[in-house]
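Given chain D, put chain H in place with the hints provided.
Number of protein chains: 2
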Amino acid sequence: MRGVIMDAPGEIRVDERATPTIEEPTDAIIKVAATCVCGSDLWPYRGVEDVDHAPMGHEYVGTVTEVGDEVTTVSVGDFVVGSFFASDNTCEICRAGYQSRCVHAHPMGAVGTQAEYARIPLADGTLVATPGHPDEELIPSLLAASDVLGTGWFGAVAAEVGHGKTVAVVGDGAVGLLGVLAAKHLGAERIIAMSRHPARQALAREFGATDIVVERGDEGVARIKDLTDGLGAHSVIEAVGTQESMLQAIRSARPGGHVGYVGVSHDVELPGLELFFSGVHLHGGPAPVRRFLPELIDLIWNREIDPGKVFDLTLPLADAAEGYRAMDERRATKVLLTV
Amino acid sequence: MRGVIMDAPGEIRVDERATPTIEEPTDAIIKVAATCVCGSDLWPYRGVEDVDHAPMGHEYVGTVTEVGDEVTTVSVGDFVVGSFFASDNTCEICRAGYQSRCVHAHPMGAVGTQAEYARIPLADGTLVATPGHPDEELIPSLLAASDVLGTGWFGAVAAEVGHGKTVAVVGDGAVGLLGVLAAKHLGAERIIAMSRHPARQALAREFGATDIVVERGDEGVARIKDLTDGLGAHSVIEAVGTQESMLQAIRSARPGGHVGYVGVSHDVELPGLELFFSGVHLHGGPAPVRRFLPELIDLIWNREIDPGKVFDLTLPLADAAEGYRAMDERRATKVLLTV
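Taken in sequence, the protein lines are chains D and H. Residue 131 in full-length UniProt numbering sits at position 131 of the first sequence, with consecutive numbering throughout. Residue 140 in full-length UniProt numbering sits at position 140 of the second sequence, with consecutive numbering throughout.
Since the hints were derived computationally from the structure, they do not count as laboratory data.
With a straight-line cut-off of 25 Å between C-alpha atoms, the simulated SDA-like cross-links for lysine to any residue are:
hint, chain 1, residue 1, chain 2, residue 2
1, H, Lys165, D, Asn89
2, H, Lys225, D, Ala96
3, H, Lys225, D, Val103
4, H, Lys165, D, His104
5, D, Lys165, H, Thr90
6, D, Lys31, D, Glu137
7, D, Lys165, H, Glu92
8, D, Lys225, H, Thr90
9, D, Lys225, H, Ala96
10, H, Lys225, D, Cys91
11, H, Lys165, D, Arg95
12, H, Lys165, D, Thr90
13, D, Lys225, H, His106
14, H, Lys225, D, Pro107
15, D, Lys165, H, Asp88
16, D, Lys225, H, Glu92
17, D, Lys165, H, His104
18, H, Lys165, D, Ala96
19, D, Lys31, D, Ser75
20, D, Lys165, H, Arg95
21, D, Lys31, D, Ala318
Quick caveat, the model's predicted, so the values are computed rather than measured.
In isolation and in its complexed conformation, chain D is listed as follows (with noise of 0.2 Å):
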């Protein structure tokens, strides 16, 4: 089959890779529909991760191919969506709703979604069937259900957003877009968007923003202050992941606020200090996107969200390098691949 691999930071190729087979009698293998390059794909493609001759990806919807003999929650034929950790989904870890931290976890990213065909370890912890084959419009937001979507919305529900409350979000990516589509969802009454790129400000209120903040760090900050009465914003998601963003999400929250932290922290040190004295709550890390797929999945089929439009770039798996170059250069938010 063909499928992505990363030579070495900034070198794509789509190449032949062995076809995937049945290896534990919990897996599944699934055709890849759609995937997509992540924000995070960006950190070995930049040389900031090492990188070597590694498959790539870890987003992915899909139908069922082959399953093994203990999978019973999916059947050949079923159109699926998975999270980017498979998870057994009955640990105790699991069952309080951290299935990125399952036990048995393993990181999809070892598989190397961007391909043809993908095998699912844990397929029934890890694997939720669409209620039907879904209309082609549908795919690219059950493919964000698989990531992006599901990890704007752990931040929101890491920084505690709920009604009438006052929602900051850092960064402008996929994953801070949807976190604002999150935050509306959740009941939140006013949502601040940081951004200063006019097509994602125009989607950030599209998906419910009701303010935007250009300004960053201190004087981002100074203007959530502004306006919130001086207090900071109830909760705020970070979805950038570096020490600035993290200092501006946390200086943003009021004393008792939340933060929910999305963005993968790269060269991050939270000064002790200023955490205690800042008095919020601190949350975050590898999305349980699992623990959230299921309603996510509902809320699309049902056409109540459309977070697909975080798509603004469609490429054949075939021009993979293309997506991320887009994405490296920030000509695209965000890539779907079709397969």
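Showing chain H alone in chain D's frame:
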């Protein structure tokens, strides 16, 4: 009046200070019945924080001797307990339960309650009167409520301690020990106290600890994992405030677990990537003791809890210097000063 002054690190003097008077119509003056030396007073004593001829002390119980014209909830003659931050208890931050970050907060350390009298700003929002004049034996416990009990309690609440949970407590000072007591009262099933000090281990057990772990750092974390099926504790109370203790706390919590940290963080830099993948909730800071005071006073008044046991040395105010020395040398867990 007589009061404690720290001239420089390690230099404690009890000397004449101006007797306080009403300065604002919201002030009250109290005759201090008992005060104490806080673990946080050791930071300047040891030269970790700057100090220069400062009045000392922020914990206090006593009798109201004078009130400003606008004070309505306490009267001359009332026996009162207050927090180490004065707060209006009416602003939006106070109403959310974060009185230590009240928009009008005054740190009581600036007042210096290790003295015969103290001026309490924002008396209505800061002081809680006891149901009557307390028996002598209740005074240590009421004094504990003013800071160490309220702080340990907040650590447990911030760590989301609750029924059926396993709780680990990092730190065996007065706050850690009272974190154990709080965890017991809040319904924890298993309470693991981390201590290598026999007398403190004994008090931890008396307060409700079910297990003692003497190891520290990575070995301590490994022991907590051993005791929790490899998962880590649901809730961890951090009551030290060093890099080692913070990492020990974070690493001792399971993914999705809660760390409540109340040790004042000094020279702490939290590594972002480790925190991200830990998946824990982190909350803490200066405890909003005022939130808990009414409940804590009730529990003490009704003899349901006896937090005063953390005081293992009682001295007259005139011997404050010996009290500081005993705590610095760890000869005493917590020193009560009678006035």
